[in-house]
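Visitor: Residues per chain, in single letters:
Number of protein chains: 2
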Amino acid sequence: MSSTSKLQPVLDRIDADFDNCLERLFALLRIKSISADPGFAGDCKVAADHLAADIATLNFKAEVRPTAGHPAIVAKSNSNTGSRPHVLFYGHYDVQPVDPLNLWNRPPFEPEVVTHADGRKIIVARGAEDDKGQLMTFVEACRAWVSVTGSLPLDVTILIEGEEEVGSKNFVPFLEQNKKDFAADVALVCDTGMWDPNTPAITTSLRGLVYEEVVIKAANRDLHSGIFGGGARNPIRVLTRILGVLQDDNGHITIPGFYDGVKDLPPEILAQWKNLNLTPDTFLKPIGLSIPAGEKDRLLIEQVSSRPTCDINGIIGGYTGEGSKTVIAAQASAKVSFRLVEGQDPLKIRAAFRAFVKERVPKDCSAEFIDHAYAPAIALDWTMKPLTAAKQALTDEWNKEALLIGSGASIPIVADFKKTLGLDTVLVGFGLDDDNIHSPNEKYDLKSFHKGIRSWARILAALAEMPR
Amino acid sequence: MSSTSKLQPVLDRIDADFDNCLERLFALLRIKSISADPGFAGDCKVAADHLAADIATLNFKAEVRPTAGHPAIVAKSNSNTGSRPHVLFYGHYDVQPVDPLNLWNRPPFEPEVVTHADGRKIIVARGAEDDKGQLMTFVEACRAWVSVTGSLPLDVTILIEGEEEVGSKNFVPFLEQNKKDFAADVALVCDTGMWDPNTPAITTSLRGLVYEEVVIKAANRDLHSGIFGGGARNPIRVLTRILGVLQDDNGHITIPGFYDGVKDLPPEILAQWKNLNLTPDTFLKPIGLSIPAGEKDRLLIEQVSSRPTCDINGIIGGYTGEGSKTVIAAQASAKVSFRLVEGQDPLKIRAAFRAFVKERVPKDCSAEFIDHAYAPAIALDWTMKPLTAAKQALTDEWNKEALLIGSGASIPIVADFKKTLGLDTVLVGFGLDDDNIHSPNEKYDLKSFHKGIRSWARILAALAEMPR
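In order, the protein sequences belong to chains A and B. Residue numbering for the first sequence follows our numbering, starting at 7 and increasing by one per position. Residue numbering for the second sequence follows our numbering, starting at 7 and increasing by one per position.
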């Protein structure tokens with residue numbers, strides 16, 4: 007009996023067991039696995055142990071493996087034969103910090119299903135989408151297959167890391183040192199979005215990322231602005247003068263060489279995108295804005311998916327409490343990130359940014375840099391067989407043609423899979439633009455979670471049929 | 007017997023009692039009377055009660071009086087006759103916040119005398135100088151007079167407020183409503199500095215202050231920079247673009263009309279100042295800097311005392327914790343202050359700043375402003391009799407000619423005394439540039455405290471002899 011013919015009982019099982027799927031997701035969401043904050047390192051370990059134990063119940067040999075940072079989970083199905091198509095599934099159990107906490111409507115680690123203003127049922131918690139909700143769609147699909155058929159329809163390795171949100175610095179060396187464990191035909195990643203709540207999508211291009219922190223140091227201590235104001239260098243002024251000229255009045259980034267190698271979209275893609283109706287009204291109005299902030303000579307859809315960007319993600323210096331303090335700070339700092347597109351070299355961009363800053367720092371001040379992440383942009387082959395198979399499975403589940411789309415986000419691991427393991431990746435996910443990932447009140451649509459599980463059940467069947 | 011002939015026993019008494027003077031100062035320094043932070047309102051009340059009780063022991067009728075904010079202390083000597091010269095002494099018991107706490111070498115509210123690197127004995131604590139140490143020099147001088155002679159040599163009213171560090175917003179109405187309580191011939195304020203550790207000074211000009219907080223609001227929530235980056239307005243970018251152009255490449259402030267009414271120094275004063283040897287080497291090198299940061303066509307001494315300035319005292323927005331977060335914040339804010347000189351109207355400057363910001367805010371963002379303080383600059387009459395008397399007393403105590411100097415700092419209450427009570431003020435203080443006021447490791451030289459008390463004892467005698 008082919009995998010496809012076994013599919014309907016598997017899908018029925020998912021529907022019947024859905025309340026339990028949700029309870030298992032909630033158990034994972036309750037763990038405060040914030041990778042950026044060393045204070046939560048213990049919680050990261052708890053999340054890894056918890057997930058490995060759960061996956062082990064699906065007839066996997068599941069191990070929590072140390073890295074130089076938070077641990078990773080490596081799990082291989084006991085039903086692997088070595089002669090069937092083999093998929094390597096990747097997700098991450100770590101989540102973003104929760105601040106500003108006061109903007110959450112409920113505690114971020116106490117998940118609940120609530121009704122959205124427009125009637126949609128949504129799961130609210132930090133990590134509800136990114137990436138605990140998404141990775142559990144795959145785990146639950148495996149559970150349903152094992153539960154109904156006693157095994158999986160193809161060979162499966164599951165790899166889950168704990169440092170995606172902080173740049174995977176320790177995970178990539180781990181991948182290199184253990185690559186024999188990750189032999190497969192294709193990688194599957196569930197960390198991307200749909201086109202809209204009814205239209206599934208496979209992401210075929212991803213922006214790269216350079217994430218820098220810059221610290222400007224001036225006097226050797228905080229100063230009183232009455233005594234020293236006017237004569238002593240103010241590091242916040244130095245910092246704002248530099249950051250303030252990173253973009254010109256037309257929205258172009260002013261760092262010399264920043265756009266080197268950036269290509270225009272092929273005219274046929276641009277024509278397609280023009281029809282997608284991504285406008286200020288559909289895209290910016292829901293978030294309270296109305297004017298595209300990027301390059302004035304580009305479409306909004308280009309600004310957010312095919313053009314490189316520069317954003318200041320955080321800034322701090324001086325007195326930031328209530329009231330006033332007439333202080334000149336000793337230092338000020340900012341976190342600055344660049345989304346990169348195909349053709350841009352992250353290390354060149356990083357060097358150009360650092361030079362841009364250093365040139366503008368007065369001689370009696372200094373600039374120090376902290377490297378948080380760098381990764382090139384990714385463009386996947388739109389015609390590879392696993393992608394075509396997954397596209398058909400998604401189209402079947404959602405009863406609507408799955409789109410191949412570009413994402414403005416960065417998933418650096420995709421480049422590492424290609425470079426280290428020689429694997430292409432299929433990026434399937436069920437996130438929506440209004441999921442508030444990395445923000446207060448992160449959510450995942452209940453429909454995304456439910457039909458996401460069903461989608462993976464179908465994709466596993468479709469990939470099992472694929473010739474090796 | 008004239009007041010002057012009684013002086014020597016009073017000075018001797020101060021020397022003999024100095025250890026107790028210090029212990030009383032320490033008791034005051036232990037109280038965490040931070041006015042900016044509502045969490046310390048109780049401590050402010052404790053400080054007021056403590057000081058009033060102490061002053062009452064000097065044969066004063068001392069009351070803690072409510073204001074719309076932190077309470078004030080009003081104390082009148084029971085030896086007041088109504089027929090002698092009458093001084094109104096002003097100080098403040100509130101202190102600045104202590105952050106960043108990790109830069110303090112010891113807990114800020116556990117005062118101790120330590121030895122400075124260069125051998126000076128210093129009192130280290132928040133408020134050691136500003137203004138607890140300074141106001142206690144006056145209180146201890148009164149104590150010595152009462153202890154030795156049974157009374158004070160002239161009529162004295164003491165007025166101590168608890169909101170100087172947050173702009174005295176509630177204190178000024180209190181002053182107006184109770185002005186009958188403050189009839190006097192002259193006001194004395196101890197909240198300024200010496201020229202150097204061996205040269206006493208009376209401050210005859212003070213810069214004014216406009217202190218604004220600006221909040222830039224963009225999207226209605228924090229956004230993921232992968233999804234929205236490039237298309238959605240970043241409020242940190244908006245803010246840094248505006249703050250970055252407040253000063254041009256020559257150090258001039260670019261707000262239209264900012265310099266309206268500002269006069270150049272009289273040539274004879276400028277010539278005097280050139281001789282004072284305030285250079286990058288003497289003034290900036292001790293704080294780790296070397297290049298004057300203000301208007302390039304002005305002397306450093308002008309930049310810090312006679313020219314108006316603009317400083318960014320604090321800035322915050324987005325993710326400022328450890329590590330990285332790819333967020334576009336919903337808002338960002340900065341605290342911006344201007345030191346003003348004679349001829350500048352604080353309300354006009356405030357309006358011009360707000361207009362400057364609003365003009366540069368994109369239409370789909372907003373700017374909100376919080377007014378923290380505004381006060382005009384002050385120029386006192388260099389020739390008034392109490393000032394001349396005080397100058398001679400200081401010269402006698404320090405055995406070095408007291409200088410009349412301009413201060414870059416702002417003490418708005420001086421304008422309020424003139425406007426509300428019709429009183430001129432004599433500004434005598436014993437602070438030093440390296441006192442770290444408003445900074446970690448605030449200190450007051452033990453010599454400043456000791457000779458400061460002796461100086462006030464002499465000034466009281468000198469003013470008592472002054473014809474009414």
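Bear in mind the hints are in silico, worked out from the structure with no lab data behind them. From a predicted model like this one, the values you see are computed outputs, not experimental measurements. Misleading hints may appear alongside valid ones.
Which copy? The list can't say, so a pair holds if one copy fits it or any two copies do.
Below, computed lysine to any residue pairings styled on SDA-like, alpha-carbon distance capped at 25 Å [to be verified]:
hint: 1; residue 1: Lys175; residue 2: Glu328
hint: 2; residue 1: Lys453; residue 2: Trp201
hint: 3; residue 1: Lys369; residue 2: Val251
hint: 4; residue 1: Lys67; residue 2: Lys302
hint: 5; residue 1: Lys223; residue 2: Gly327
hint: 6; residue 1: Lys223; residue 2: Gly294
hint: 7; residue 1: Lys223; residue 2: Glu301
hint: 8; residue 1: Lys425; residue 2: Pro473
hint: 9; residue 1: Lys51; residue 2: Gly327
hint: 10; residue 1: Lys280; residue 2: Pro203
hint: 11; residue 1: Lys223; residue 2: Pro446
hint: 12; residue 1: Lys302; residue 2: Val367
hint: 13; residue 1: Lys425; residue 2: Gly349
hint: 14; residue 1: Lys453; residue 2: Thr426
hint: 15; residue 1: Lys302; residue 2: Asn226
hint: 16; residue 1: Lys82; residue 2: Phe375
hint: 17; residue 1: Lys185; residue 2: Leu427
hint: 18; residue 1: Lys223; residue 2: Val251
hint: 19; residue 1: Lys223; residue 2: Asn256
hint: 20; residue 1: Lys175; residue 2: Pro44
hint: 21; residue 1: Lys457; residue 2: Ala47
hint: 22; residue 1: Lys302; residue 2: Phe24
hint: 23; residue 1: Lys364; residue 2: Thr87
hint: 24; residue 1: Lys223; residue 2: Arg36
hint: 25; residue 1: Lys453; residue 2: Asp440
hint: 26; residue 1: Lys291; residue 2: Val367
Visitor: Against each hint, give a clear statement of whether it holds in the structure.
Guide: Do the hints match the structure? See the list:
no. : hint            : verdict
1   : Lys175 x Glu328 : between (37 Å within a copy, 15 Å between copies)
2   : Lys453 x Trp201 : within (14 Å within a copy, 73 Å between copies)
3   : Lys369 x Val251 : both (19 Å within a copy, 20 Å between copies)
4   : Lys67 x Lys302  : neither (53 Å within a copy, 71 Å between copies)
5   : Lys223 x Gly327 : both (21 Å within a copy, 18 Å between copies)
6   : Lys223 x Gly294 : between (36 Å within a copy, 10 Å between copies)
7   : Lys223 x Glu301 : between (32 Å within a copy, 21 Å between copies)
8   : Lys425 x Pro473 : within (24 Å within a copy, 92 Å between copies)
9   : Lys51 x Gly327  : between (34 Å within a copy, 21 Å between copies)
10  : Lys280 x Pro203 : within (20 Å within a copy, 72 Å between copies)
11  : Lys223 x Pro446 : between (32 Å within a copy, 16 Å between copies)
12  : Lys302 x Val367 : between (29 Å within a copy, 17 Å between copies)
13  : Lys425 x Gly349 : within (17 Å within a copy, 68 Å between copies)
14  : Lys453 x Thr426 : neither (35 Å within a copy, 69 Å between copies)
15  : Lys302 x Asn226 : between (42 Å within a copy, 23 Å between copies)
16  : Lys82 x Phe375  : neither (40 Å within a copy, 58 Å between copies)
17  : Lys185 x Leu427 : within (6 Å within a copy, 82 Å between copies)
18  : Lys223 x Val251 : both (19 Å within a copy, 20 Å between copies)
19  : Lys223 x Asn256 : between (31 Å within a copy, 21 Å between copies)
20  : Lys175 x Pro44  : within (15 Å within a copy, 42 Å between copies)
21  : Lys457 x Ala47  : neither (33 Å within a copy, 55 Å between copies)
22  : Lys302 x Phe24  : neither (47 Å within a copy, 71 Å between copies)
23  : Lys364 x Thr87  : neither (57 Å within a copy, 67 Å between copies)
24  : Lys223 x Arg36  : neither (40 Å within a copy, 32 Å between copies)
25  : Lys453 x Asp440 : within (14 Å within a copy, 64 Å between copies)
26  : Lys291 x Val367 : between (38 Å within a copy, 18 Å between copies)
When the structure is compared with the earlier hints, violations turn up for hints 4, 14, 16, 21, 22, 23, 24 and for no others.
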